[in-house]
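Q: Single-letter residue listing:
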Amino acid sequence: MDISNYIYLSALLFTIGAIGVVVRRNAIVVFMCVELMLNAANLAFVTFSRVHGNLDGQVASFFTMVVAACEVVVGLAIIVTIYRSRRSASVDDASLLKR
Amino acid sequence: MVTSSNLVFLIALPLFSAGLLLLLGRIADKWGHIFATLISASVFVIGLIEFFAMQGRDGEARAATQKIFEWISVGSFHVDASLLLDQLSICFVLLISGVGTLIHIYSIAYMSHDHDRRRFFAYLNLFIAAMLLLVLGDSYLNLYVGWEGVGLASYLLIGFWNQKPAYATAAKKAFVANRVGDVGLSLAIMIAFTQFGTVTFAGVKESASGASAGALTAIGAMLLLAAAGKSAQFPLQSWLGDAMAGPTPVSALIHAATMVTAGVYLITRSNFIFDASPTAQLMVVCVGAITLLFGALIGTAKDDIKKALAASTMSQIGYMILATGLGPVGYAFAIMHLLTHGFFKAGMFLGAGSVMHGMNDEVNMRRYGAIGKVMPITAATFGLGYLAILGVPPFAGFYSKDKIIETAFNAGGTEGILLGGATLLGAAITAFYMTRVIVLTFTGTKRWDENAHPHESPFLMWAPMAVLAVGSVASGFLLSSGSALVNWLQPVVNEHHEHHAEEFLPPMVVSAMALAVVALGVAFAVLKYRTVPIVAPENVSAFTKAARKDLYQDSFNEAVFMRPGQKLTSGLVRTDNKVIDGLVRMVGWVIQTCASSLRIIQNGYVRSYALIMVFGVLALVTAVWMVTL
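Those sequence lines, one after another, are chains A and B.
So the mapping is simple: this note's numbering equals the position in the first sequence, first residue as 1, plus 429.
So the mapping is simple: this note's numbering equals the position in the second sequence, first residue as 1, plus 85.
Where hints are given, some of them may not hold.
[As the list claims (entries may be wrong)] FRET-style restraints, in silico, Cβ to Cβ: (1) B/Ile685 / A/Cys499: 46 to 52 Å; (2) A/Arg513 / B/Gln677: 37 to 43 Å; (3) A/Val452 / B/Thr713: 56 to 62 Å; (4) A/Val488 / B/Gly689: 34 to 40 Å; (5) A/Gly482 / B/Val709: 22 to 28 Å; (6) B/Gln687 / A/Arg513: 24 to 30 Å; (7) B/Thr713 / A/Gln487: 23 to 29 Å.
To be clear, the hints were calculated from the coordinates, so they are not data collected in a lab.
Note that beta-carbon positions come from the ideal geometry of N, C-alpha and C, so glycine has one too.
So that you can see chain A by itself, here it is in the shape it has in the complex (with noise of 0.2 Å):
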């Protein structure tokens, strides 16, 4: 099997993560879109470590995961938060940064 496939796959799974971050409103998609991303990224990781025969991907790989579960940890702890207080989930309403 070529190697290049997992390229392939990687790329595309992190287009449809950068996409759906951006046309998605909904805070928990917009967020399992985030992960995919970094799973595209962890994906490639693991693939490079293949061509290269070191494991170097891999421990990396292995840091984008501890750091991906703490983002979770926080993530959806905002997002609960601005649900309760706003009853949406909606990115567009949380913008009041702006003014």
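Given the coordinates of chain A, assemble chain B onto it according to the supplied hints.
A: Just chain B now, with coordinates in the frame of chain A:
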């Protein structure tokens, strides 16, 4: 040359008195005027003592000096604050303190109803101190201090009744016109310093003989400008008429007898510069001749008695300036006319003040008439001053003015005829306007306001007038008998009796001509003013209209200097507002516009930030890709 330790008291006493009276305030109200008068009298006594001490010394050794302190000491440049009392200064010291004391006495009565009499006397003493410093300084720098001091005193006294805006404006006008002249004096000092490295009279005199003609002419011209400012000479003459806003004793002391003659003193003192520069001398005689006619013409149309006398002062100082421009022969006659003028003009001003005092401060001569009957002493003293200014023998003006006319004719050639003609014409016009003053004020019919109750002034006022009248009668004879003043001043002005050889006209002929034109002027005035309307007639000749408006001197100054000056300043303000401020504002505007166009992207939507970030990353990746390709 001897040293004397008394000279400093001439200045210190009145200066101390002025400071004391000003600082003590109302506490000194009761005795301030007496104190100031005593101080002035004691200055006169010191002056007399010094005068008699000088009499006891020989010609060259008569001058006395005193070093007060070292003023400036920079490298090789030293200026001492030191005083020089020589044959020229002593004339001024006696005139200033003598006439000054008389006017102090007069002012006690004249200002008795004024709330601020003490302040008035403080200013008078300040003036005496400054004027004495002016004539006693031994260098141009010391003179300059006194020069500015009298300008300040003059400003304070013209604007003494500054609750009236017109008077305050007159004071400012005098100050500004004087400043123009002062610039001339400071430039003259600077040129003298760069050329000669010294500013003392003795030092400049020593170096002047070897100096270039251009430098001497420049110094002379600048000194003439200074003299024109202080002495109200053409083209800086416009302030003197308005200066009559001050109390009448001030007009008598400062604007007739002493301060306005400072220009004559300056030129006489700088005789070594003018003698070495014929161009500068020519400028001096031109200014003198123009002013003597200018002032006389203005005098013919003035209805305000003080302004008529002020115009006369301008004209008489024109005679003196003209005389100083005639070289060594003229200085002594200029000083002689200055001294006799000091007597008769101060006397006439005090007479005018006396009339005003009795007439509720009315100054319009058309509202006078027949005052001679109710104020006989004033009329008599004024009349003696009148005869003196006309130059009727044997009154003072005859000896001084005729000498100037004679010297002008003797200048030789066309210049002599022109100058002599101008002085003769001036004498005729002088006779006309002074007769007009006499006729309108003292003779004829009553034209008083119903509320006016003229009465003779108190003793304290007529006594000084009487003393000055005696001076108007006798001073000319005393000063000229045996060429007393000419010989006295000879060491200062280097006059040598060589001019008698080339007389254009014999003195008798000149005197006869002068008397003839004076008689004409008097007769014309008497005939013209047999009846005097109370309101000045409107349908008069263009000439009279011009003279009433001071020959358009103010209009000229306004059109040529004031309005363009205002335009210049408003133009500069506009440049500052539009160009300078515009540039600064433009920088702000550019930043603001850029910032507000960038602000659009800060819309608060997370998704658009994310999109921008995506584009940013894409751009970055593309850039890296392009570079590595």
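Q: Any of the earlier hints contradicted here, and which numbers?
A: 1, 3
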